[in-house]
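Colleague: Chain residues, written in single-letter form:
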Amino acid sequence: MNTNHDSIQTMLNKVKGQKPSEHDDIAMQSRLHAAIDAQDNPVDEEEPGNGMIRLWSWLKTASQPKRFGFAGTAAALVLTAVLIITTSVSKPAFASVVKKLSEITSMVYTGQMQSDDQVIMTVEVFYQSPSKIRVVNTPLPDIEGAPSVVNVMDTKLGKGLILFPERKVAMPINFTPGQNAKEALENELLDWHTKILNYDGEVKSEPGVVIDGIETTVFTVEPENMRLTLWVDPKTELPIRIRVETMDGPYFVFEADVAFNEAIDPEMFDLAPSGYEIMGADSE
Amino acid sequence: MTLQQHKAKISDLALQHGRLVFHCAYRLLSDTHLAEDVTQDVFIKLFKKSLKSMNEVKNWPAYLKSMAVTTAIDYLRRNKRLAEDDLESVPENESDTSRHPLNQVLRDRDLILFKQALLQLTEQDAHIYCLRHVEGYSYQEIAELMHVSSNSVGVSLHRSQLKLSSIVGKSEYLGARHEH
Chain U
1 MNTNHDSIQT MLNKVKGQKP SEHDDIAMQS RLHAAIDAQD NPVDEEEPGN
51 GMIRLWSWLK TASQPKRFGF AGTAAALVLT AVLIITTSVS KPAFASVVKK
101 LSEITSMVYT GQMQSDDQVI MTVEVFYQSP SKIRVVNTPL PDIEGAPSVV
151 NVMDTKLGKG LILFPERKVA MPINFTPGQN AKEALENELL DWHTKILNYD
201 GEVKSEPGVV IDGIETTVFT VEPENMRLTL WVDPKTELPI RIRVETMDGP
251 YFVFEADVAF NEAIDPEMFD LAPSGYEIMG ADSE
Chain P
1 MTLQQHKAKI SDLALQHGRL VFHCAYRLLS DTHLAEDVTQ DVFIKLFKKS
51 LKSMNEVKNW PAYLKSMAVT TAIDYLRRNK RLAEDDLESV PENESDTSRH
101 PLNQVLRDRD LILFKQALLQ LTEQDAHIYC LRHVEGYSYQ EIAELMHVSS
151 NSVGVSLHRS QLKLSSIVGK SEYLGARHEH
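Residue numbers (UniProt numbering), protein chains in the order written: chain U, 1 to 284; chain P, 1 to 180.
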């Protein structure tokens with residue numbers, strides 16, 4: 001009987017140890033509110049007699065952008081990190097670009113995320129040196145079930161918010177090691193971040209590539225499973241276009257024009273934005 | 001209470017406790033999609049509650065968790081496939097078995113065995129067992145949530161424990177478990 005008791009306890013520990021990801025929490029919360037909102041709305045023709053929005057019908061259209069939406073955020077954050085902190089470089093010309101990047105006060109870029117040749121969303125990134133980042137994911141209008149999501153972070157404070165502008169709701173996130181948000185966001189970020197920091201591979205360059213009338217030098221680095229391409233203006237030694245793409249796993253590519261050292265409204269990085277209700281924490 | 005007020009109240013509850021309900025359902029179902037369905041069901045069911053009964057709820061987290069447990073068990077009963085899945089099935093978010101494949105298989109066996117065991121209890125016994133041993137509520141709290149006596153909770157838990165011991169014992173005899 002004792003053996004059985006131990007076995008039951010082991011089983012229960014495994015049951016209790018299960019937890020969905022922070023990413024799943026976010027998607028769940030958004031759809032839960034949509035389901036509640038739909039209670040006095042006209043009933044879906046596919047669901048006669050039931051005003052509730054069924055998850056499965058959402059998933060048909062929402063799962064892909066949901067997944068890549070998160071990848072998009074991660075990619076944008078990684079790209080920001082790359083541009084800010086890359087230090088291990090083997091080509092002098094690229095080292096000069098990195099030095100210039102380390103001196104920037106701000107960075108803004110807007111680009112499109114593609115998966116399998118399909119544009120799935122717009123990603124906007126605002127970076128204010130040294131530690132403030134805002135990433136806005138806006139799914140394309142024809143992709144249902146994937147609301148806009150804004151991530152605001154202060155990496156120095158280790159705090160951030162995930163904002164749902166349509167609902168005026170904000171979910172606090174914490175970057176303290178061991179917290180759930182770390183699993184959801186930082187792991188991907190820091191995993192790639194670390195790979196980039198340790199990058200000591202080849203830097204490929206190609207001069208004379210004309211972009212918007214500017215003769216740029218193209219630099220390409222490939223830290224493990226991603227390829228980063230920068231089109232650099234030789235006069236400023238800063239990129240005017242950037243591109244990041246995965247080289248294995250779910251394929252996505254992100255390309256954007258980028259601007260540096262422009263003034264950004266401080267409210268964009270506000271961790272207590274007015275008009276937003278802060279979502280309750282999981283009190284377990 | 002108008003529909004709008006009712007909705008505002010439920011929306012607020014969803015904001016405060018949605019994750020709690022979602023996590024509770026996920027522990028029993030090991031599936032984010034189904035756990036999300038359960039979470040929606042729980043909050044949509046609140047629209048059928050009267051203002052009077054809404055105001056009588058003293059502990060919303062416990063009340064909603066109890067609803068999540070009973071709804072999740074109902075899902076398990078209606079989707080027996082979840083509990084009868086073969087052991088090649090892997091819960092979501094755990095698909096990367098390459099790191100610890102043996103641990104993953106053992107973990108999955110335990111989760112499936114747990115679901116199978118729950119289905120062999122009565123609905124009320126399964127509900128009480130989960131509230132006590134998965135969600136950690138006291139006899140008194142469960143008694144209040146279930147509108148039964150503490151003694152009845154104790155009897156139910158004893159009955160479930162015997163049943164589970166028997167199920168786990170048979171499972172080990174049949175070789176479904178391994179040394180950990």
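Hint data in this document are derived by calculation from the structure and do not stem from the laboratory. One or more hints might be untrue.
Computed from the model, here is a short list of chain P residues facing chain U with C-beta under 7 Å [as the list claims (entries may be wrong)]: (1) TYR26; (2) GLN40; (3) ALA143; (4) MET146.
Listed below are the simulated BS3-like cross-link pairs for lysine-lysine, each with C-alpha atoms no more than 27 Å apart in a straight line [as the list claims (entries may be wrong)]: (5) P:LYS48 with P:LYS9; (6) P:LYS52 with P:LYS9; (7) U:LYS204 with U:LYS168; (8) P:LYS9 with P:LYS49; (9) P:LYS163 with U:LYS168; (10) P:LYS58 with P:LYS45; (11) U:LYS16 with P:LYS45; (12) U:LYS204 with U:LYS19; (13) P:LYS48 with P:LYS7; (14) P:LYS9 with P:LYS58; (15) U:LYS159 with P:LYS7; (16) P:LYS7 with P:LYS52; (17) U:LYS99 with U:LYS14; (18) U:LYS100 with U:LYS204; (19) P:LYS45 with P:LYS9; (20) U:LYS235 with U:LYS100; (21) P:LYS52 with U:LYS16; (22) P:LYS45 with U:LYS19; (23) P:LYS58 with P:LYS7; (24) P:LYS48 with P:LYS58; (25) P:LYS9 with U:LYS14; (26) U:LYS16 with U:LYS99; (27) P:LYS48 with U:LYS16; (28) U:LYS204 with P:LYS163.
Just so it is clear, CB atoms sit at the ideal spot from N, CA and C, and this is done for glycine as well.
Colleague: Take a quick look at whether LYS16 (chain U) and LYS99 (chain U) sit within 27 Å of each other, Cα to Cα.
Modeller: violated (49 Å)
Colleague: Do the numbers back the hint for GLN40 (chain P), that is, is its least Cβ distance to chain U under 7 Å?
Modeller: holds (5 Å)
Colleague: Going straight from one Cα to the other, do LYS9 (chain P) and LYS14 (chain U) come out at no more than 27 Å?
Modeller: The given pair, whose Cα atoms are some 35 Å apart, is violated under the 27 Å limit.
Colleague: LYS48 (chain P) and LYS9 (chain P) were given as a pair; does the straight-line alpha-carbon distance stay at or below 27 Å?
Modeller: holds (13 Å)
Colleague: Do the alpha carbons of LYS163 (chain P) and LYS168 (chain U) lie within 27 Å of each other, as the hint requires?
Modeller: Judged against 27 Å, a Cα distance of about 49 Å means the pair is violated.
Colleague: Could you check if MET146 (chain P) really has its C-beta closer than 7 Å to a C-beta on chain U?
Modeller: violated (20 Å)
Colleague: Straight-line Cα separation of LYS204 (chain U) and LYS19 (chain U) no greater than 27 Å?
Modeller: violated (43 Å)
Colleague: Tell me if the straight-line CA distance from LYS235 (chain U) to LYS100 (chain U) falls inside 27 Å.
Modeller: holds (11 Å)
Colleague: Next pair to validate is LYS52 (chain P) with LYS16 (chain U); report whether the Cα-Cα distance is within 27 Å.
Modeller: violated (34 Å)
Colleague: Can the restraint linking LYS9 (chain P) and LYS58 (chain P) be considered satisfied, given a maximum Cα separation of 27 Å?
Modeller: With Cα atoms ~15 Å apart, LYS9 (chain P) and LYS58 (chain P) stay inside 27 Å; holds.
Colleague: For LYS58 (chain P) and LYS45 (chain P), compute the direct alpha-carbon distance and say whether it is at most 27 Å.
Modeller: holds (18 Å)
Colleague: With a cut-off of 27 Å on the C-alpha distance, tell me whether LYS204 (chain U) and LYS163 (chain P) pass.
Modeller: Given that 27 Å is the threshold and the Cα spacing comes to 67 Å, the pair is violated.
Hints 3, 4, 7, 9, 12, 15, 17, 21, 25, 26, 27 and 28, counting from the list given before, are not met by this structure.
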